[in-house]
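*Asks:* Sequence:
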Amino acid sequence: WKLSLLIHVVFLHLLSCLITDSTFKIQAYRNTELQQQTKAVMLYSVDQDEKVMVVCCRTDTEVCPEAMNLADLQNIKDSGHKAMFFMTNLKNDTYMFESTLHKGRFLSFEPSQDACLHKLILHPYEVDDTDHTINMIVSKEK
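Residue numbers (mature numbering (1 follows the signal peptide of the UniProt record, and there is no 0)): -17 to -1, 1 to 125.
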């Protein structure tokens, strides 16, 4: 079972030199251990050379693009993987993406020196946290 959605973001600075489009696909995987509103997913895009670039955790605060073959990632056995995130629905089309490798760390946007650019990072999140940079809008592919 797979689900492909598109995530529309303003800009992902870390992939900007490799991918000119800011639309990313979400590859969802079935996980019977998760609640109904949470899915195990990978975020990726395809560059100009048809290379699949996957968002991966580098550290507990950094993410980076990595070229990967999605077919090789069909049967991940571990509960934590550098390219796997838990996608949780907050409301309507708003979601947050928690790292499976770094629990409590979520994909978030950090302002860069250029005011119109934002860098994708991993950000700690507490239940009472009012930081909305981890909230992302997801829409279905048209």
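Because the hints were derived from the structure by calculation, they are not lab data. Mixed in with the good hints, there may be bad ones.
[Unchecked claim] Across the chosen pairs, the derived CB separations fall in these ranges: (1) 96 / 61: 35 to 43 Å; (2) 95 / 118: 16 to 24 Å; (3) 21 / 47: 22 to 30 Å; (4) 44 / 77: 17 to 25 Å; (5) 6 / 49: 24 to 32 Å; (6) 122 / 42: 14 to 22 Å; (7) 74 / 32: 20 to 28 Å; (8) 57 / 95: 15 to 23 Å; (9) 57 / 97: 23 to 31 Å; (10) 21 / 122: 16 to 24 Å; (11) 13 / 75: 22 to 30 Å; (12) 107 / 61: 34 to 42 Å.
[To be verified] The calculated lysine-lysine pairs, modelled on DSSO-like cross-linking and capped at a C-alpha distance of 27 Å, are: (13) 34 / 65; (14) 60 / 34; (15) 74 / 102; (16) 8 / 74; (17) 74 / 86; (18) 74 / 34; (19) 102 / 8; (20) 60 / 8; (21) 8 / 65; (22) 86 / 65; (23) 86 / 102; (24) 34 / 8; (25) 34 / 102; (26) 34 / 123.
Virtual Cβ for every residue (Gly too), placed ideally from N, Cα, C.
*Asks:* It remains to establish, for every hint, whether it holds in the given structure.
*Replies:* Here is how each hint holds up against the structure:
no., hint, result
1, 96 / 61: 35 to 43 Å, "holds, 37 Å"
2, 95 / 118: 16 to 24 Å, "holds, 19 Å"
3, 21 / 47: 22 to 30 Å, "holds, 24 Å"
4, 44 / 77: 17 to 25 Å, "holds, 23 Å"
5, 6 / 49: 24 to 32 Å, "violated, 18 Å"
6, 122 / 42: 14 to 22 Å, "violated, 30 Å"
7, 74 / 32: 20 to 28 Å, "violated, 38 Å"
8, 57 / 95: 15 to 23 Å, "violated, 35 Å"
9, 57 / 97: 23 to 31 Å, "violated, 38 Å"
10, 21 / 122: 16 to 24 Å, "holds, 19 Å"
11, 13 / 75: 22 to 30 Å, "holds, 23 Å"
12, 107 / 61: 34 to 42 Å, "violated, 22 Å"
13, 34 / 65, "holds, 18 Å"
14, 60 / 34, "holds, 24 Å"
15, 74 / 102, "holds, 24 Å"
16, 8 / 74, "holds, 20 Å"
17, 74 / 86, "holds, 21 Å"
18, 74 / 34, "violated, 33 Å"
19, 102 / 8, "holds, 18 Å"
20, 60 / 8, "holds, 22 Å"
21, 8 / 65, "holds, 17 Å"
22, 86 / 65, "holds, 12 Å"
23, 86 / 102, "holds, 20 Å"
24, 34 / 8, "holds, 13 Å"
25, 34 / 102, "holds, 21 Å"
26, 34 / 123, "holds, 22 Å"
Checked against the numbered hints listed earlier, the structure breaks hints 5, 6, 7, 8, 9, 12 and 18; every other hint is satisfied.
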